[in-house]
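To convert, count from 1 in the sequence shown and add 408; that's this note's numbering.
These are computed hints drawn from the structure, not numbers from a lab. These numbers were taken from a predicted model, which means no experiment stands behind them. Take every hint as true, because none was put in to throw you off.
In silico EDC-like cross-links for lysine to aspartate or glutamate, where the CA-CA straight-line distance does not exceed 16 Å:
| hint | residue 1 | residue 2 |
| --- | --- | --- |
| 1 | Lys597 | Asp547 |
| 2 | Lys488 | Asp524 |
| 3 | Lys467 | Glu497 |
| 4 | Lys449 | Glu515 |
| 5 | Lys557 | Glu623 |
| 6 | Lys467 | Asp524 |
| 7 | Lys449 | Glu495 |
| 8 | Lys443 | Glu474 |
| 9 | Lys443 | Glu515 |
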Amino acid sequence: MGGNCNVFLGWSTFSLTVTLIRNNFVWIYRVMELKATTLGKRLAQHPYDRAVILNAGIKVSGDRHEYLIPFNQLLAIHCKRGLVWGELEFVLPDEKVVRLHGTEWGETQRFYHHLDAHWQRWSGEMSEIASGVLRQQLDLIATRTGENKWLTREQTSGVQQQIRQAMSALPLPVNRLEEFDNCREAWRKCQAWLKDIESARLQHNQAYTEAMLTEYADFFPPGRVFTAESGAGPGSR
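All chains, full assembly: derive it from the sequences and hints.
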């Protein structure tokens with residue numbers, strides 16, 4: 409960075425104030441931090457005794473250990489009260505839980521509410537991106553399969569791989585997509601293709617069959633039953 413730069417740090421038990429003076433401009437950043445009390449740290453005997461909120465994640469650390477938790481891996485945050493101190497739990501995929509013990513209860517609550525609000529704001533912004541990705545996948549599936557045609561197994565090959573590739577690039581864990589109104593319906597439709605592509609194909613063909621029977625009712629004898637399981641739609645060759 410060009411220009412003169414001076415940094416001043418001001419500590420409290422709950423936050424770190426960073427004052428950056430650069431090119432005669434003053435920039436102040438307030439980073440929320442939670443630290444275990446001296447007694448809590450000693451009695452908890454836990455690898456993590458402090459946490460700092462980052463722009464898109466949280467860092468927990470101790471004298472010998474440090475763990476960075478990106479928000480896109482975080483599934484839930486739990487704030488609990490023990491007999492004396494507070495406790496924070498960060499729930500991650502594969503049933504992994506990272507815990508912070510020995511913190512003063514009032515500060516733990518304040519830190520939790522600030523962190524949760526920050527995480528929820530971030531999540532809302534990311535859900536808009538995820539919603540766009542999901543809708544794009546459904547559009548691609550619709551283009552590939554076609555709403556107004558009988559769908560063969562060959563035409564559905566590669567659909568699951570296409571969805572999985574898109575899911576790997578989502579800014580949110582797929583476990584959280586049900587939480588968001590703008591993602592829920594599209595995610596469930598994508599899940600239908602992921603869980604049982606044959607059932608999704610048959611459902612598509614059944615809808616196509618019913619639409620054709622309605623549109624061309626005069627061409628089909630009364631009482632004749634057509635189903636997607638029969639392997640060919642009405643009028644197909």
